[in-house]
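One line per chain: the protein sequences are B and H, in this order.
Under this note's numbering, the first residue of the first sequence carries the number 487, and numbering increases by one thereafter.
Under this note's numbering, the first residue of the second sequence carries the number 225, and numbering increases by one thereafter.
Derived from the structure by calculation, the hints contain no laboratory data.
Every residue gets a Cβ at the ideal spot worked out from N, C-alpha and C, and that includes glycine.
Incorrect hints may have been included.
Far from chain H by the CB rule (all over 10 Å, computed), these chain B residues [what the hints assert, rightly or not]:
no., residue
1, Glu542
2, Gly552
3, Leu613
4, Gln617
5, Pro620
6, Glu624
7, Ala631
8, Arg643
9, Leu675
10, Ala777
11, Asp810
12, Gln824
13, Gln854
14, Glu888
15, Arg917
Partner residues aside, some chain H positions facing chain B, computed with beta carbon under 10 Å [what the hints assert, rightly or not]:
no., residue
16, Asp266
17, Gly269
18, Arg271
19, Arg307
20, Ala308
21, Asp352
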Amino acid sequence: MTKRGRSIRVPVLARVEGEGALEIDIAGNRITRLDLRIYEPPRLFEKFLEGRSYLEVPDMVARICGICPVAYQMSAVAAIEDAFGFTPGPELRAWRRLLYCGEWIESHALHIHLLAAPDVLGFESVLDMAQAWPEVVERGLRLQALGNRILAVLGGRSVHPVSVRPGGFSRLPGPEALDPLQEACRAALETARDLVAWTASLDLPRETQDFPCVALRHPHEYPMNEGRIAATTGLEIPVSEFEAHFEEYQVPHSTALHSRLAGRSYLVGPLARLNLNRDRLPPPVAEALAATGIAFPSHNSHFSIVARAVEIFLALSEAVRILDDPPPAAPALARPLQPRAAEGFGCTEAPRGILYHRYRFDADGRVQAARITPPTSQNQARMEEDARLALERFGLDRPDEELRRYAERVIRNYDPCISCATHFLRLKVNRR
Amino acid sequence: MTTIRIIGLGSPFGADRIGLLAARRLAREVRLPPGVEVIERDRPGLRLLEDFTGARAVLLLDALAGGIPGRVREVERSALLARAAPLSSHALGVAEALALAEALGRLPEAVGLLGVETGPAPGPEDVDPVWVQALCLRVPVALERLVPDRRVAGCGGRIRSRR
């Protein structure tokens, strides 16, 4: 194996240890300190990327996450194309949006059914839940498989797709693959509509807090691949100004950088996107959301599961719209870009929230500096704040085990990379 | 027709390729009896459940971390299920996929795993072809144990070392 192969394996090995730890100091009925530790690998990648050709970047950053590789590829190509002055045409935009739909569907379906549903329905894990609610688990598996199928058809394989290149796709499928995919997506629309109602019917805690939401905002579309960065504070800025407004800072207890906007923690992800972009939902999806009776914008993070279901329905609807009349492939195939010494910015909506990339290239298109700000680290300060407020309301006199479970549930709403493990928190409580 | 599915598991990296290489070799070099099919799956996670559909028996081929490098081991159904950890999508292994299939009633009764131990992690960077051959040669015996009423003997008989 080459040295390059080995360097890509580092986060995969590290991720095996990926778990969170929560340490709480309690004095009376107040939490005086709450520290959430998350292992966050993208920081290492910023150094790996230095000296690499821009052509290698999309495939390398895809390895940061096995659940959302497309997000990393999309933010990377957006930044690269920004640096080299390439603007994707309508065909390329449509194909990329279709690919992103696949990732949203598979990631959200996994989280709703296999990770969050056991919390809500009162099971230790999906293995126990599968016996009582097999149809729920089967629905999750079917939707996840459909999302994966979109990735496989467009990206060549369902994990770490390989067709995304700066300037376009290396290959695109023909009608023999697209027609059956269109049928499968259309057939799943009803399931997705029902899923919205199902998530809204769940017994979710009423736990409203005050926090800013941040998401992309596009003039016409529900945002995925492009848009300005908007916040419920009224902020609306081009992607290139991200670092001027969002401050990353280090805390002693975490390897992941925290983020704040104007001194405050903030939320990114499905609930934030929906809060900022309800008016961009296609009519059938907007109707399904309205039928839930839940008032949006919502500042109850437990409603994230509803937002994910809405986004599955949205992504499926968008996939059907694109597949009903697939754009010609030729204009979306990769063409050589003209590298130049420049800096480029990219920000797209990963399933978990905005994913910001910045690269500085030399004249040959080699990376001189890279900056990657993933959604999980942006949400980290908000997760800590949420957990602190939620646990205080939950009641700190409860046994540690109950506190741990509730804290896990609160944090799992954010679908952080660590949320995958059923028992991902080591809880240490110091009571005075 | 009864389907007996042999599934080579792994990733394109290092010793983890063994299951994939063995499946490829079986598919290329062995005339399999009717009803026996061989497929490869690169880190399938829960997609493995789809491969159980329509299968009467499933034999998984994979690398096994730990043990004595090169030793072939058979792991039975109950032992596989006992290894399942609480489900985690970032560490969603074979055992967890099998446990979920079992909970959903989608796991065939006849399931086994044939693996090559690769020693302490991360294991060797290259796969010794002899290990692949050893794994292939054990396939007929493992299949007969899984499906005693089927004649599958000789399915590995034509495997020859390439050297």
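Which numbered hints are broken by the structure, listed smallest first? 2, 3, 4, 5, 6, 7, 8, 19, 21
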